[in-house]
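Visitor: The whole structure should be built from the sequences, with the hints applied where relevant.
If you want the building blocks of each chain, they are given just below.
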Amino acid sequence: METFYSILPELIRIVICAVCGAVIVFGNALVMGYAERKLAGHIMLRPGPMEVGPHGIYQLVIDGLKLMGKQLVVPAKADPLLFRFAPLLAFAPVFVPLLVLPFSEKIQGFDLDIGLLVILALASINLLAILIGGWASNNKYSLFGVFRAVSQNVAYEIPMLLSLLAVVFMTNSFSLKAVVAAQSPVWFIVIQPLAFLIYLVSIVAETNRAPFDLPEAESELTAGFHTEYSGMSFSLFVLAEYANMFIVSSVATVFFLGGSSGIPLPYFEYSGIIWFMLKVYSLMFFLVWIRWTYPRTRFDQLMNFCWKYLIPFALVNLLITVVMVKLL
Amino acid sequence: MIVYRYLAEVLFYALVILTFTGGIMTVRSKLLMHAVLGLAATLFGVAGLYFHLGSPFLAMMQILIYVGAVCIIIVLGVMLGNTPDQLAAKHLTGRNLPLALLTCSAGFIALFVATITRTEFTVATEKVGDMSIEFVGESLLLQYCLAFELISVILLTAILGSIILARGGREGKTS
Chain V
2 METFYSILPE LIRIVICAVC GAVIVFGNAL VMGYAERKLA GHIMLRPGPM EVGPHGIYQL
62 VIDGLKLMGK QLVVPAKADP LLFRFAPLLA FAPVFVPLLV LPFSEKIQGF DLDIGLLVIL
122 ALASINLLAI LIGGWASNNK YSLFGVFRAV SQNVAYEIPM LLSLLAVVFM TNSFSLKAVV
182 AAQSPVWFIV IQPLAFLIYL VSIVAETNRA PFDLPEAESE LTAGFHTEYS GMSFSLFVLA
242 EYANMFIVSS VATVFFLGGS SGIPLPYFEY SGIIWFMLKV YSLMFFLVWI RWTYPRTRFD
302 QLMNFCWKYL IPFALVNLLI TVVMVKLL
Chain L
23 MIVYRYLAEV LFYALVILTF TGGIMTVRSK LLMHAVLGLA ATLFGVAGLY FHLGSPFLAM
83 MQILIYVGAV CIIIVLGVML GNTPDQLAAK HLTGRNLPLA LLTCSAGFIA LFVATITRTE
143 FTVATEKVGD MSIEFVGESL LLQYCLAFEL ISVILLTAIL GSIILARGGR EGKTS
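Chains V and L supply the protein sequences, listed in that same order.
The opening position of the first sequence corresponds to residue 2 in this note's numbering, with each subsequent residue numbered one higher.
The opening position of the second sequence corresponds to residue 23 in this note's numbering, with each subsequent residue numbered one higher.
These aren't lab readings, by the way, just hints derived from the structure by calculation.
Treat the hints with care, since some could be wrong.
[Unchecked claim] In silico negatives: residues of chain V with every beta carbon more than 10 Å from chain L:
{"id": "1", "residue": "G49"}
{"id": "2", "residue": "L68"}
{"id": "3", "residue": "S125"}
[Stated by the list, open to error] Derived coverage of chain L by chain V (criterion: at least 3 residues anywhere in the stretch with Cβ under 8 Å from a Cβ of chain V; other residues may be distant):
{"id": "4", "region": "54-64"}
{"id": "5", "region": "77-86"}
These numbers come from a predicted model, not from an experiment.
The C-beta atom is built at its ideal place from N, Cα and C for all residues, glycine as well.
Guide: The following block contains the structure:
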């Protein structure tokens, strides 16, 4: 019995972390799915979903039920095992980065000193899942989508890392809590505006969203890498995309927008989480906004923009940061 | 605390099984794509073993570099190349199989036996040395600086070689 009681607090902690992670992933997908369709509608001067519930707020619940009821079609020429495995591989790793995110000073799963590395390492698995899914579909549209996804994500990972590295040099730590603590007087967006802009452009490409949604460009590739997916296996990809949006926005919040810092609210000890969520969802609103405002870029323009502008600017920014850190 | 030890034990064997299954899949599968994914599973298992040994930093770097970068590049190479409809003919038949096995494993077995018989294995009673990220970083940039830099020279050579190969291919096509 003694051993059981000694392990109990840790067990409860793990269970709480897992439940909160699941709530965040699914709740975020529900909110963002509805918000995206509604915002898209209003940006295009139409009302968006209106039928199910007042202003269509139950639309995503109904959609979820419909997707669960749909048949999972595996194409005849597809690789059956990998075709089923790819959505799971895309969806499973999104829970781990949520454990290291500091939602407020007191709400955090685990404060690792390699917090940023955990997020980046787990984010790279998503790309492998896209690759497997696109290849296993045995469809030329999927294959082209995958080629684009890989060259785009591999290229845009570099400026993303370099812009985050500039902040890491200033804080001397990969721990997300330490990064938040280092921004108590001024947020890093004031000191590192260029790095923030580079990061913002990179995350649009990393999450495969318009204007950089070349891997799933509907007008050319039907739906890119998930052309052959239906029902829940398709929605696992979508859930993973929204969760990844949440994670990259959270990293932007932590690294440039002061994380959970803000005006403390009276009578509420955990007011940090409100500010954190406010900043994260403002960034996600921004991502939705540009998705429905700008047209899709051409692929060579996208790659040229990364290799010829973003990476050199990020490198110069990093060099200046290093010199300034050494001097000051 | 006994529960923790059992959990760690279970985790260890699960990771070992994952590593070996991936390895066997890498060598035995007929499709090149499955082989690469087996390799990814093996590297994942090795990352897990690093984690089990108490070095999450190494584990994360293993996932970031090997699973996230190397495997993706290999898979992309496989996809860009031809995927033959017929599988390669089996060369390992009859008398060839034992001969091939013997040739391939002779060196490995000799080194393995030599290493095992000449090494004194002592069980560490506690954590040996500092495995923190600061220690790893300092030893890489101070004590093992030369080796660290030489590795980057090898990478540079590889990049230059691949650029030369790729350029030749493109010019050959246009002319």
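Visitor: State for each hint whether it applies.
Guide: For each hint, the structure was consulted:
Once the 10 Å rule is applied to beta carbons, V/G49 is consistent with being away from chain L; the minimum gap is 37 Å. Residue placement check: V/L68 keeps its beta carbon more than 10 Å from all beta carbons of chain L (closest about 27 Å). The Cβ of V/S125 does not lie farther than 10 Å from every Cβ of chain L; its closest approach is about 3 Å, which violates its non-interface assignment. With 4 residues having a Cβ less than 8 Å from any Cβ of chain V, the region 54-64 of chain L passes the three-residue criterion, so the hint holds.
Requiring three or more residues with a Cβ within less than 8 Å of a Cβ of chain V, the coverage given for the region 77-86 of chain L holds, as 6 such residues are present.
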